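Numbering-wise, the sequence shown is residues 1 to 281 according to full-length UniProt numbering.
Derived by calculation from the structure, the hints in this document are not laboratory data. These numbers come from a predicted model, not from an experiment. Be careful, since some hints might not be right.
[Stated by the list, open to error] Here are the simulated BS3-like pairs of lysine-lysine, each with C-alpha atoms no more than 27 Å apart in a straight line:
{"no.": "1", "residue 1": "Lys106", "residue 2": "Lys241"}
{"no.": "2", "residue 1": "Lys63", "residue 2": "Lys106"}
{"no.": "3", "residue 1": "Lys176", "residue 2": "Lys102"}
{"no.": "4", "residue 1": "Lys102", "residue 2": "Lys177"}
{"no.": "5", "residue 1": "Lys102", "residue 2": "Lys63"}
{"no.": "6", "residue 1": "Lys198", "residue 2": "Lys135"}
{"no.": "7", "residue 1": "Lys241", "residue 2": "Lys256"}
{"no.": "8", "residue 1": "Lys106", "residue 2": "Lys198"}
{"no.": "9", "residue 1": "Lys251", "residue 2": "Lys241"}
{"no.": "10", "residue 1": "Lys176", "residue 2": "Lys106"}
[As the list claims (entries may be wrong)] Derived CB-CB ranges, DEER-like:
{"no.": "11", "residue 1": "Val147", "residue 2": "Leu204", "range": "14 to 22 Å"}
{"no.": "12", "residue 1": "Arg112", "residue 2": "Ala190", "range": "33 to 41 Å"}
{"no.": "13", "residue 1": "Ser110", "residue 2": "His33", "range": "33 to 41 Å"}
{"no.": "14", "residue 1": "Leu204", "residue 2": "Arg245", "range": "52 to 60 Å"}
{"no.": "15", "residue 1": "Lys241", "residue 2": "Ser207", "range": "46 to 54 Å"}
{"no.": "16", "residue 1": "Trp67", "residue 2": "Leu204", "range": "23 to 31 Å"}
{"no.": "17", "residue 1": "Cys60", "residue 2": "Trp139", "range": "28 to 36 Å"}
Glycine included, each C-beta is placed from N, C-alpha and C at the ideal position.
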Amino acid sequence: FSSLLVQTLMIRDWWMCMIISVMFEFLEYSLEHQLPNFSECWWDHWIMDVILCNGLGIYCGMKTLSWLSLKTYKWQGLWNIPTYKGKMKRIVFQFTPYSWVKFEWKPASSLRRWLAVCGIIFVFLLAELNTFYLKFVLWMPPEHYLVLLRLVFFVNVGGVAMREIYDFMDDPKFHKKLGQQAWLVAAITATEFLIVVKYDPYTLTLSLPFYITQCWIMGIILVLTWTAWRFFIRDITLRYKEIRRQKQEHKQEQDKCLSNGDGHTGLLEEHKGNKLRERRL
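Construct the complete structure from the given sequences, taking the supplied hints into account.
See below:
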């Protein structure tokens with residue numbers, strides 16, 4: 001619950017949070033032969049984790065985001081509040097954000113944003129997997145203080161990194177380079193994975209079951225097919241239809257101009273013929 005709540009506050013998008021939640025359950029299914037604590041019942045995966053814990057965390061996170069985006073607080077008028085309780089409430093609320101930017105990732109709007117969103121989801125999933133693999137490889141119990149310190153560190157650094165990534169994607173002309181915190185989070189996540197590889201390569205090299213490999217290959221093919229259709233085939237088809245429509249409109253305008261021109265010429269000839277007849281008479 002708490003991890004998805006924090007992720008929602010960082011990502012600020014219901015769609016992406018649900019994708020991460022569902023994808024992590026698929027990863028647990030796929031890697032349960034490497035980590036024993038990933039072996040759970042189906043109802044524990046989908047009912048307890050996805051629907052109840054993760055779903056409730058995402059819902060509370062979205063409600064918190066809507067609350068933060070609506071409320072702003074100022075010191076002006078503090079002493080006009082009649083009660084001490086109201087004064088203390090105003091002082092406490094001063095430490096909440098003055099403004100809250102709503103993230104609109106729009107992954108299907110362009111290939112650049114689609115690849116960026118896929119990269120964000122990949123880094124989040126890898127960071128979550130690193131949590132379990134590091135505890136398993138380094139023999140760290142869940143209540144160890146380093147586990148909590150790592151979570152607090154990622155929350156603080158990850159929130160800034162997500163804002164840097166969003167600004168870089170939303171306004172590339174103003175933000176020409178990706179922020180330092182985003183690179184730092186990516187480097188730390190990669191370093192954690194390398195630590196797991198160094199200290200327990202045997203666990204990571206345990207081969208996936210054949211049917212799981214087939215499922216992942218099928219999923220990757222579907223994603224690549226949709227990407228090619230959405231950003232290449234569909235655009236080419238729409239561009240071809242637009243060019244064809246413009247040619248048809250241009251041809252219709254030419255035919256219309258020609259028909260109007262013939263009618264105008266006929267009227268002029270008829271007018272000249274009438275004048276000649278009048279002169280002869």
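- Query: Of the hints given before, which are not true for this structure?
  - Reply: As far as the earlier hints go, 8, 12 and 16 are violated by this structure, in ascending order.
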